[in-house]
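2 protein chains.
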Amino acid sequence: MTSISPIIKPEPLHVQAYKYIQNYLLESEFSPGERLTELGLADMLGVSRGPVREAVRLLIHDGLLVQKGVHIYVFDPTFDDVIDIYLCKEGLEPLAAKLAAQNMTQSDQGTLLDIINRTNKALAHDEKRDIVKFNTEFHDLIIQSSGNTQLIQFMNLIHAKNLYMRNNILSNYARRDNFFEEHVRIADAIVNGDGVQAESEMKQHIQNDINMIGTIFKSKQKDDSI
Amino acid sequence: MTSISPIIKPEPLHVQAYKYIQNYLLESEFSPGERLTELGLADMLGVSRGPVREAVRLLIHDGLLVQKGVHIYVFDPTFDDVIDIYLCKEGLEPLAAKLAAQNMTQSDQGTLLDIINRTNKALAHDEKRDIVKFNTEFHDLIIQSSGNTQLIQFMNLIHAKNLYMRNNILSNYARRDNFFEEHVRIADAIVNGDGVQAESEMKQHIQNDINMIGTIFKSKQKDDSI
DNA sequence: AATTTTTACATTGTTGACAAAATACTGATA
DNA sequence: TATCAGTATTTTGTCAACAATGTAAAAATT
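So the protein sequences, as listed, match chains A and B.
In short: position in the first sequence from 1, add 28, done, that's the working numbering.
In short: position in the second sequence from 1, add 28, done, that's the working numbering.
Since the hints were derived computationally from the structure, they do not count as laboratory data.
Treat each hint with caution, since some may be false.
As the list makes no split between identical chains, a pair holds if one copy fits it or if it spans any two.
[Claimed, not checked] Listed next, the in silico DMTMM-like pairs over lysine to aspartate or glutamate satisfying Cα-Cα at most 20 Å (straight line): (1) Lys96 with Glu39; (2) Lys47 with Asp205; (3) Lys47 with Asp90; (4) Lys231 with Asp205; (5) Lys231 with Glu118; (6) Lys156 with Glu209; (7) Lys149 with Glu55.
These figures come from a predicted structure and were not determined experimentally.
Turn these sequences into a full structure, and let the hints steer you where they fit.
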């Protein structure tokens, strides 16, 4: 029997704490390199140290927080870290695209094309926020459609770090102009069920990202920090 | 100043608990699907529930334990899970091989060739335990030599699951005959600094693994469980 | 003034207690 | 026998207290 009960059970505090702190990090509420304390976070969320502690441990495991000695700091990625992440993306996302081409439902294919259309409109109106949002949705849908649970799990980790870097490091830089055409080609290949094509288009797409980051790096090389 | 102090500080209990429980899982001390309780593990390790709880949370995050409702069970992978893992390996390990070819030190290259030699001897004497051990060392060294910290982190997760599955599922099946020749080709490419070659050899190597698993799957398809 | 030593403080590490929830058990009722 | 209600038990969720550790500040010594 399927429940239609209106009663919703609140998630355990440690789960909520994890989500909240992760969100704070992704939304740049904390600065890279900033030091955090369990008590500070606990007071902030209005709970005891226990649940916060579990959340912090997980975030350290994810790499969003870093433990130096006994203290905990917000991950402050170097450009090498950014490149490392993108190389992992280059390894995994083409696989996701290939699997998505094989497994994506009709309904999700419609959603994919819809995202493409909305991206197009957002570009026409130069609505930056939407452009970024639809970009994320595009990649997420492909990953989810891969049907590979392990891959989805790994990409979640990459995704969190990636988003974090986008918000904290790469935010000031304009997106590549031709990313939209690449998205169109990827989507076409997926809708046509051409796994090989989808895989190589996605690979090229991410390599272009990496090249862009490389040019950012060169233009910033004078500075010590990012 | 480098410390030569004989005083060793014990690791925090939650770190030890994590390592111990992970090790139990990898060494098949627990059966797949078995239910674990925090209190049971705590008694087993002689500590309170706190540290165990943190360790369990991490292991759930890693996917080695699974939470169904409130209860915690040992991961009981299906064949689909195994394939999913190996597809991720196919995405990441060729990248590791490519980077290793670019970055591996002279000293590590020597170690790599040494592993090859010892594998050869182990094969000649049919010492299965050593064969498996050297195989693991071979892949680990390449991953470590990639110099990509993110990649290493992800491969640690894959590796734990992979080892777990090897011990629990694939243990009864003979290893492919020609894996040694493939290792030799990979090692040659790395020592020659040929990243492209190393990448494609590694990809082929893992695809062969996947094919083998596929044949195992077919021959076992009658059974419900693994 | 510089360096060590001491002291105080802040923060993490760990535990045991209690509350809440889910599960398993028992017996009553149809 | 099957089903339900109520009870007991197990297990997780959360907290607050205390211990241990490391860090920073202050005092003392050279």
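Against the structure, the hints come out as follows:
1. For the identical chains of this complex, Lys96 and Glu39 are inter-copy neighbours only, at 14 Å across copies versus 30 Å inside a copy, given an alpha-carbon limit of 20 Å.
2. For the identical chains of this complex, Lys47 and Asp205 are neighbours neither inside a copy (33 Å) nor across copies (47 Å), given an alpha-carbon limit of 20 Å.
3. Proximity of Lys47 to Asp90 under the C-alpha cut-off of 20 Å is found in both arrangements, the shortest distances being 13 Å within a copy and 17 Å between copies.
4. Taking CA atoms no more than 20 Å apart as the test, Lys231 paired with Asp205 passes inside one copy only; the shortest distance there is 17 Å, against 33 Å between copies.
5. Proximity of Lys231 to Glu118 under the C-alpha cut-off of 20 Å is found in both arrangements, the shortest distances being 6 Å within a copy and 14 Å between copies.
6. Proximity of Lys156 to Glu209 under the C-alpha cut-off of 20 Å is restricted to the intra-copy arrangement: shortest distance 17 Å within a copy versus 52 Å between copies.
7. Taking the shortest Cα distances, Lys149 and Glu55 never come within 20 Å of each other, neither inside one copy (25 Å) nor across copies (55 Å).
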